[in-house]
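Student: Put together the whole structure using the sequences plus the hints.
Residue numbers for the sequence shown follow my numbering, so the first one is 1 and each next one is one higher.
No lab work stands behind these hints, which were simulated from the structure alone.
Note that the structure is a prediction, hence the values are computed from the model and not measured.
Ideal Cβ placement from N, Cα and C applies to all residues, glycine included.
It cannot be assumed that every hint is accurate.
What the hints assert, rightly or not - Calculated cross-link-like contacts (lysine to any residue; reagent style SDA-like; alpha-carbon spacing at most 25 Å):
| # | residue 1 | residue 2 |
| --- | --- | --- |
| 1 | 115 | 294 |
| 2 | 259 | 399 |
| 3 | 259 | 123 |
| 4 | 227 | 61 |
| 5 | 309 | 188 |
| 6 | 227 | 371 |
| 7 | 309 | 270 |
| 8 | 294 | 123 |
| 9 | 259 | 188 |
| 10 | 294 | 425 |
| 11 | 227 | 77 |
| 12 | 115 | 258 |
To be verified - Quick list of the computed label-pair ranges, beta carbon to beta carbon:
| # | residue 1 | residue 2 | range |
| --- | --- | --- | --- |
| 13 | 256 | 414 | 21 to 27 Å |
| 14 | 39 | 373 | 16 to 22 Å |
| 15 | 170 | 98 | 42 to 48 Å |
| 16 | 178 | 221 | 41 to 47 Å |
| 17 | 350 | 178 | 19 to 25 Å |
| 18 | 179 | 417 | 49 to 55 Å |
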Amino acid sequence: MSWRGIARFLIRDRHDAWSFLNVGGRFAFRLVTLSLLVRVLSPEELALWYVFIAAFGVSAILEGGVKLVVTQQVAARPRRVVAPFCLAVLRLYRRLVAVVCLVALLFGDWWLTHKMGVPADGTVRMLWPVFVLANGIGLLSGIQGGIISGLGEVAISQRNELIGQLMNGLAFIALWGMGGGGLLLPVAALLAASMVVWCLNLHFLKELLPKRKINIEKKYLTIVALKVVKNASAMLLLLVSYQMLSSGFLLFISANDSKQMTASFGLSVQILNVVISMGSGWLNPSFQRMASAKGNINRLRSEFSSLFKRSAIILPIGMIVMLIFSAAALKLLNTEMTLLPSEYLRVLALLLIIEYLLGTLGINMINSQGKYIIPMAISMMYSLFSLLGIYLSYIWFGWGVLGAIYLRLIGALIYGALVSIMVYQTLSVRRV
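Tutor: Shown next as structure tokens:
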């Protein structure tokens, strides 16, 4: 295959191009930020950073997966009637984010006090509200990006995310250069990046939506809320499932293991997820195309096949490269931080690839067709199995993190098989 053929295989249109650039930028900026994190933060501070992320993630379950549902519904609506729907969603979502942030403030404060033993008058506790604010703004920019993608302008959404990644890295480096240190660096950088993406998405939404004033009545707000909640109720299961696998897993380790192990596990997952995030470069534009292909099985089959092939080639290669060079990179940085042992990393990498290829891709394709309940229920059962596995590994058998990863891998294989059956059934409908 020629270089031009490879390029066409990886990048199909300008939306893919910007998404690919976003992924490449995210890959580079995350590596830079990670290298700075492990160099600037102590293992205890890095463990607290991952607890910050996990605590807000658990609270964000209340968001209910609205963004994905809204993207699908906007993509499926005619442009002439979509503006009132978008404005109503934005108004309702602001209220939802306020609730999420309030719950996050209370839950995170409780966890830091009772599970991590953080002093009430310490800097860490003062930074927690700032972290919540940054993530609240991030949720608002996320729904804006979801609407922009649903309107067919995935490239704009991806470009704004790329600029946000750049701002995150630059703010981190600038604050570090000015003498900043500790958790202040990543928290302040996240706030700056969230603000930039929110402003950019707001600007382009004003350009894409009609300039005339549109009055949104309370009755219409109620109709939109009920419609979104009806579809998001199933998506809530997916969000709960995801947070169980990520945030719940890490919070359990933080409560039952050392801060060093918490930091090592969090860092290892974040490094490997840099590779997994490469897949989102194709998933985001593909989801919009699959949603607009509802009822056209041939087009849906072609889009999903292309998405799966690209991910199945790139992700394993990326994982191998990351496993080879990540430990050596930490040694070059001369840091106290360490990754999980190599055996743990290999199993964890295999686990994440299986979850993404056999689970995430299939679930998103099925969701793009407006089908939520059964795939969400399967995801929830897998998450419950994984949490049961980490509980048994720590509390009953004393296997620790490695045992939990192996038990989760067994669940991932079953989960992947069930999702694959649903994908086959969805794509095997009579050709049209």
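Student: Next, verify each hint and record whether it holds.
Tutor: Consistency of the hints with the structure:
1. As the CA atoms of residue 115 and residue 294 are separated by approximately 47 Å, the hinted pair breaks the 25 Å bound.
2. With a CA separation close to 18 Å, the supplied pair residue 259 and residue 399 stays within the 25 Å bound.
3. At roughly 18 Å between alpha-carbon atoms, residue 259 and residue 123 fall within 25 Å of each other, so this suggested pair holds.
4. Pair hint residue 227 plus residue 61 holds up; C-alpha atoms about 19 Å apart against a cutoff of 25 Å.
5. The suggested pairing of residue 309 with residue 188 is violated, with an alpha-carbon distance near 38 Å, which exceeds 25 Å.
6. Taken as a hint, the residue 227 and residue 371 pair is honoured in the structure, with Cα atoms around 14 Å apart against an allowance of 25 Å.
7. For the given pair, residue 309 sits about 24 Å from residue 270 by alpha-carbon distance, which is consistent with the 25 Å threshold.
8. A distance of roughly 51 Å separates the Cα atoms of residue 294 and residue 123; the hinted pair therefore is violated under the 25 Å criterion.
9. Taking the CA atoms of residue 259 and residue 188, the gap is about 23 Å. The hint holds against a cut of 25 Å.
10. At most 25 Å may separate the alpha-carbon atoms for a hinted pair to count; residue 294 and residue 425 meet this at roughly 15 Å.
11. Straight-line distance between C-alpha atoms of residue 227 and residue 77 comes to about 13 Å, which keeps the hinted pair within the 25 Å bound.
12. In summary, the hint linking residue 115 to residue 258 is supported, as the alpha carbons are separated by about 12 Å, within the 25 Å threshold.
13. In this structure the hint that residue 256 and residue 414 lie 21 to 27 Å apart at CB holds, the actual value being about 25 Å.
14. Checking the proposed 16 to 22 Å range against residue 39 and residue 373 shows it is violated: the Cβ atoms sit about 46 Å from each other.
15. With their beta carbons about 29 Å apart, residue 170 and residue 98 fall outside the hinted range of 42 to 48 Å.
16. Between residue 178 and residue 221 the beta carbon distance is about 45 Å. The supplied range of 41 to 47 Å therefore holds.
17. Distance hint for residue 350 and residue 178: a CB-CB separation of about 42 Å, inconsistent with the stated range 19 to 25 Å.
18. Roughly 53 Å separates the CB atoms of residue 179 and residue 417, a value that falls within the hinted 49 to 55 Å.
In summary, the structure is inconsistent with hints 1, 5, 8, 14, 15, 17 from the numbered list given earlier, while agreeing with the others.
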